[in-house]
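Chemist: What follows is the residue order along each chain.
There are 2 protein chains.
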Amino acid sequence: MQLSITKNSKTPIYRQIKNQISKFIYTGIIPENYILPSERKLSDQLNINRSTVVNAYEELKADGLVESIVGKGTIVLPQQALSSNQQASPALPLPWNQLFSDCIDFKPSNILEKSFHKLNNKSLISFAAGFASPDIVSIPQMQEIIQLLIQKYSKLLFQPCPIVGTPQLQNSIKNLLFSKDIQISTKQIMITSGSQQGIDFLSQLFIQPGDLVIVEEPTFMNTIQICKARKAKILSVPMEDDGLNLEILETYLKKYSPKFIYTIPDFQNPTGIVMSLEKRKRLLKLANQYQVPIIEDNPLGELRFEKEQIPSIKSFDQNNHVIYLSSFSKILFMGFRIGYLIAGSKVIEKLIMLKKYSDLHTNSFGQYLFSELLSSSFYQQHLKKAKQFYKIKRDTMYEIIQNNSLLKCNKPDGGFYLWCKLPDSINYYEFLKKIENENIAVLPGDIFFPNGNTGDNFIRLNYAYEDLAKIKVGTEKLTSIVSKLAKNKHISYEKVENEIEALV
Amino acid sequence: MQLSITKNSKTPIYRQIKNQISKFIYTGIIPENYILPSERKLSDQLNINRSTVVNAYEELKADGLVESIVGKGTIVLPQQALSSNQQASPALPLPWNQLFSDCIDFKPSNILEKSFHKLNNKSLISFAAGFASPDIVSIPQMQEIIQLLIQKYSKLLFQPCPIVGTPQLQNSIKNLLFSKDIQISTKQIMITSGSQQGIDFLSQLFIQPGDLVIVEEPTFMNTIQICKARKAKILSVPMEDDGLNLEILETYLKKYSPKFIYTIPDFQNPTGIVMSLEKRKRLLKLANQYQVPIIEDNPLGELRFEKEQIPSIKSFDQNNHVIYLSSFSKILFMGFRIGYLIAGSKVIEKLIMLKKYSDLHTNSFGQYLFSELLSSSFYQQHLKKAKQFYKIKRDTMYEIIQNNSLLKCNKPDGGFYLWCKLPDSINYYEFLKKIENENIAVLPGDIFFPNGNTGDNFIRLNYAYEDLAKIKVGTEKLTSIVSKLAKNKHISYEKVENEIEALV
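Residue numbers (the numbering used here), protein chains in the order written: chain A, 2 to 505; chain B, 2 to 505.
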């Protein structure tokens, strides 16, 4: 038994001894019935007071690991005795499930965890998670920018900042939005840790169990999950090719009192649909008329590859009835968790409290970095480059799919996603299994549907994350799997096409 | 009226025109009854299609800003008509307060916001917020470390990371805790956005309205606020000079079924008290016996200036009944919001869901940076330096206060805070007003008491944040204000001393 003692350690020596012996016993290095050296012998050996060893052995006895037996010395108790001893001591397991709150519904969903864990799997081709391309940022350029950042802001980068965010970033965002006809003061801006945090805060602010909320169908799965976790009932309004169906929306608004309407007007997730200008105006009018706030989530709006930008719903909102969320995770990079939320003072006031309880403020370093990027010419240049970059990726994936007549999808004017429909003749789960075996990750459509499984036979493909070579290989494999599965099965093309028309 | 048009902007030209004219009208640059240039004239002037100007004017009409009057042209409507027009349109204010959830109690408390806002006030001497010293970090050294970090981790720094944190930081924390006799696997570690986020998650996980929780009295005000916001009833156990009163605790445990016991055993906030070894063991035993989890919050434990470290409660916990929280905000820097939480799998499993809903993951850049700092010799060297640095600050502040016999305080063996009692003869609010006038910020004691105002006449002073010069000036001003206020008033020294004995 070899013990090592550090004399000027923070841990008292008796505890150092006790811990090392405990470890030896737990790990089996010292077997059952092993006789520990006598207190005198060990104290001589380690050149310490005998009382120190006595203390250590006393603690081991108290823990039920050893026993003094007269005439024999201090012996290590058998594992059997050890565990029964521990159970006799107050080690009753806690009834954790009874302790957890009923206010939150913890339905496990591993889709996202999987995406994160697969990040380091080099052989995987991932069209699943909504991540931006890691190649969009030039590391030497970032290195240079960060060097200058440290020189400019020095200690401020490492210190806390106001709960709502750094004034610099608030100001950069104000200017960015001004160029999009959203005219606000910096007091209406809260920096959030990703726009995800904005959605979470709003769910906490508005929802109490049993409340109704309105979303598009299909819609962003995280919003569905958060609203369900907060025990909201979700009313979903089907998407049409120019945005959600406003007749159904109005029926819901008449009949129920929902807490908010959640919409993604630009390159909707997962469908890629852009809401028409006319619908945006009508939607705002309806929301005002029925006194329901709108949450406008716009993570992808700036990534338009072609045609004219349509003004956001927020740009028409003169009464702060629209709460607007966005982030830089899709356009720049996601790792810093920088998003923002625009709302009127009554909402911001409450969100400040939630932010204070939650993480006090979003990391300062990231905020200063992003305000630099936004206030220089970097951002617009980068955005231009990003659009060209992602347009090529979209075209590459879309063309391969187009050439396979069995897989049908939209061609969005921007954003990250293709929303594809498999032929009905294909067994959806067989397909998902097959592509997993081929090391291709996609998101199954059903997770985007809050109520029921209308999403069967849909998949969402993110063309932004992988490089062109992997997009080609992955999409070709995917379409060939579709072909193989459909072969020798009865296929009703007409039915498939009708369904796409109805849904996408 | 001077308009400027950008031809290759994302914003359609008709909207550029409309927006500029709107702004001119709203800001009063264009007055009421002003006649806009004719559509033909403006289109010639700007060298654009007439239909573009027609569209712009149509939108202005739809917004109720202008009107076409035959024979006159397009005239700007008076402000009066403008606002009545807007009110006639669906601009009824939303009943926000009715929309907000009852699950959260939003009691405003501006203490913390104030601290953040005062960060940039150079003339202020702040002993209020629990911030570390901005001078603790050498910027040239950090610049060098960050340069190497970018070379080493490159794109990873900017990309998303697993929800629970980067494996590198989890591993560094595992090793750090191992040296403190907390033997855990990395699976028990979740990186949080400050340990604040850990407290918030635990409050969400355990508390439903009406639940009971146990805290020390006094205790960290943010924990009080979060628990109250989640509508918990707070049972508070008075502090003694070796930690909370276990007899009162046991009475509570017998009588009630609290969801958890929240404790800060090391350099307790605000009292600076360290819980004795014996009490730590008894507390764990009681908690096990009564089947209540312990939340051990340890932001300051490593900053011990003298005497031996006492092992954490977590180090005795063999059953994952103790949930352990800590962060690097006090020892390194706070701006990156890097904290961590240790718990068993049943708790971690749920927290992963809360983290996924909340901010997905803590910023990657900060995590990689901290894992580098922890895994190199930097951390231990820095910690040693920090202890010396803060010890001098503590001594400086403590000695000045000692020399003023009217203000009484403890002398903690580490941490950030002095917990001071003013003489009873002094009007507490008069004192707070006076020091505010002198531009000195302190935290009033009452905010640390969950039930009632027993904290009157206490103040918490943070000696860590300000530099030595400001500590001297500020503390001297503070003690002299105490002396002045006490002068000519009847003072019962004895009573004061007894009360300190009882409370600190």
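Derived from the structure by calculation, the hints contain no laboratory data.
Please read these numbers as outputs of a predicted model, since none were measured by experiment.
Do not rely on the hints blindly, as some may be mistaken.
Any copy will do: because identical chains look the same in the list, a pair fits if it lies in one copy or spans two.
[To be verified] Once the Cα atoms are required to be at most 27 Å apart in a straight line, the calculated DSS-like pairs of lysine-lysine come out as:
| # | residue 1 | residue 2 |
| --- | --- | --- |
| 1 | K8 | K385 |
| 2 | K11 | K473 |
| 3 | K286 | K394 |
| 4 | K471 | K156 |
| 5 | K473 | K232 |
| 6 | K488 | K385 |
| 7 | K108 | K188 |
| 8 | K229 | K347 |
Chemist: With reference to the structure, classify each hint as holding or not holding.
Modeler: Cross-check of the supplied hints:
1. K8 <-> K385: between (61 Å within a copy, 16 Å between copies)
2. K11 <-> K473: The answer is neither: 58 Å in one copy and 31 Å across copies each exceed 27 Å.
3. K286 <-> K394: neither (37 Å within a copy, 60 Å between copies)
4. K471 <-> K156: For K471 and K156, the Cα distance is within 27 Å only across copies (18 Å; inside one copy 42 Å).
5. K473 <-> K232: neither (42 Å within a copy, 54 Å between copies)
6. K488 <-> K385: Answer is neither; intra-copy 43 Å and inter-copy 70 Å both fail.
7. K108 <-> K188: Answer is between; shortest inter-copy Cα gap is 20 Å, intra-copy 36 Å.
8. K229 <-> K347: both (25 Å within a copy, 21 Å between copies)
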